[in-house]
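Could you put the whole structure together from the sequences, leaning on the hints where they help?
Protein chains in written order, with the numbering used here: chain A, 204 to 707; chain B, 55 to 169.
Keep in mind the hints are simulated off the structure, nothing from the lab.
There is no bait here: all hints are sound.
The calculated DMTMM-like cross-link candidates involving lysine to aspartate or glutamate, where the alpha carbons are at most 25 Å apart (straight line), are:
#1 B:K154 / A:D304
#2 B:K154 / A:E355
#3 A:K364 / B:D162
#4 B:K165 / A:D497
#5 A:K657 / A:D304
#6 A:K356 / B:D162
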Amino acid sequence: MKLLLVLPILIPLITAAFCLLFWRLRSVQRVLGVLGSVAHLVTALWLLVSVRLDGIIAIQVGNWPAPFGITLVADLFSVIMTVLAALMGLMVVIYSLASMDSGRESSGYYAFFHFLLMGVSGVFLTGDLFNLYVWFEVMLMSSFVLLALGGEKHQLEGAIKYVTLNLISSAIFLTALGILYGMLGTLNMADLSLQIRGGMNMGIVSTLAMLFLVAFGIKSALFPLFFWLPASYHTPPVAVSAIFAGLLTKVGVYTLVRVFTLLFVQDVAYTHTIILVIAGLTMVTGVLGAMAQDEFRRILSFHIISQVGYMIMGLGLFTPLALAGSIFYIMHHIIVKTNLFLVSGVARRLQGSYQLNQLGGLYQAAPALTIIFMISAFSLAGIPPLSGFWAKLILVKASLDITAYLIAATALAVGLLTLFSMSKIWAAAFWGEQPQATAAGVEQVHLPLKASEKIALYLPMIVLGLLTLTIGFMSAPFFELATHAADQLLDPAAYIHAVLGRVK
Amino acid sequence: MEILAAIVVGGLFGAGVYLLMSRSPVRLIIGLVLLSNAINLLIFTAAGLIRGKVPLIPSDALRAVEVTADPLPQALILTAIVISFGVLAFALVLFSRTFKTTSATTLDEMKATDT
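So, in structure tokens, the structure goes:
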């Protein structure tokens, strides 16, 4: 059933459209938001199962044969990402029910949330570069609105940096597209892959590769292009931060992996070495930036940067094991990072601040929250046997296999520094005493959580925490999935065959 | 013709990037506008400028007999224009709203959320 491939894009669109129709009925939008996310997740999982069983699926939209029309393609990597996006969408939308204020809810929060999910799913499932650009813009536009919704001063300042740098990134991406079309007369990724492999001026290919690296590097917050991220991710309401942290930079990583496995693989020694160096620098600067921070969400934002370094590291090493490691890392990271942001939101809800020096004693006040934080934070740092340990182990083993000792050492050292930041949060917010004399800017009145709020806030965190444990204790099936996805990426013949119906 | 277009594209890119680097929010927006126009022209030029050859196939032929203009870049540019129109309109509103809230006239005054 090939129509299945369109559903992860269509369902969020329909949900968002209905949310807009019921603009004045906030309670209807809340129900629609959750139902739409459930349907999105179900179709994404269904798609994952059918791709796993039957191989790569492709459809030509409007029946225009490839490479002339727009193609939608689902290989294992893209469906894994779609499932993760749908899962995070569902978790965050449930969390929003209790954490989002009614003002934002009635200004179209759920509609834009689903437009965002539509854009993200579109990026993952398209097989055409120009179409990818359009989905990027759908995603960016909704993220702009979500970031600025509410119009608080710091939100607007953060949004300006986010919007400007993302527009520049889109501009560079579009420039690269224009040149690519001028050279080859096609923008279908499978067709491009054939034509670039078929022989093209190396200089131009390398120039284009670097343009794509910069454009997607801004989106995935690579060194030295990451400055928009820590300036903006801590400004919106926590549910928005959580979905951004979970998905948006990973969309950039997805496109990087896609482009640098399918299109630009002629000069691996040159392009992928650059990627590897950037990966190391991204890891180190991100983790050092985090050490200098004293605010819950700012620390987590800097850790996104350092973690993106690990994902790119697998791409830079460019061996089957390393790519599998990258994909495994993305699966682990999206779950853990979203969960940590959700934890920070509950901590703020209980004690009124994100500042570490105003938090404390959560260990006694909220034991369940403490356990969830512990699982996620230790997993992020890579403590065995949690999911982060396996993810780092695969990447380090892959780099040792090809005697890339420097990057392996960097990865291990950064893991240690991550543990330092996490124990800083642990010591200040969970273990230590809460300071009595609270400074200005802290909401003094903390209503205790109602039972319904408790369910909506804790259910997503518990599910994500259990998933982290599952990936940790039963990593074999997840690793096998990642390995299959990496094999498909490294041998694009099946991909090209699925899209064009022929192999060169 | 291509050379002339290439010079215009280069000039627009230069002006756009120059304006992006200034401190004033208004110049930043104008820079983004110039940049998006430069890219549209770039796509148009890179895909080849062919004048007076309509991409129509005679009814008795299966394919075009001579080289015709490529209609696809214009479709791409049209899409890009629509998107950049929407995005830049949003950016303008965002900047004006920010000015009303913070009354900051240069980007240097918007450092509160930086690290």
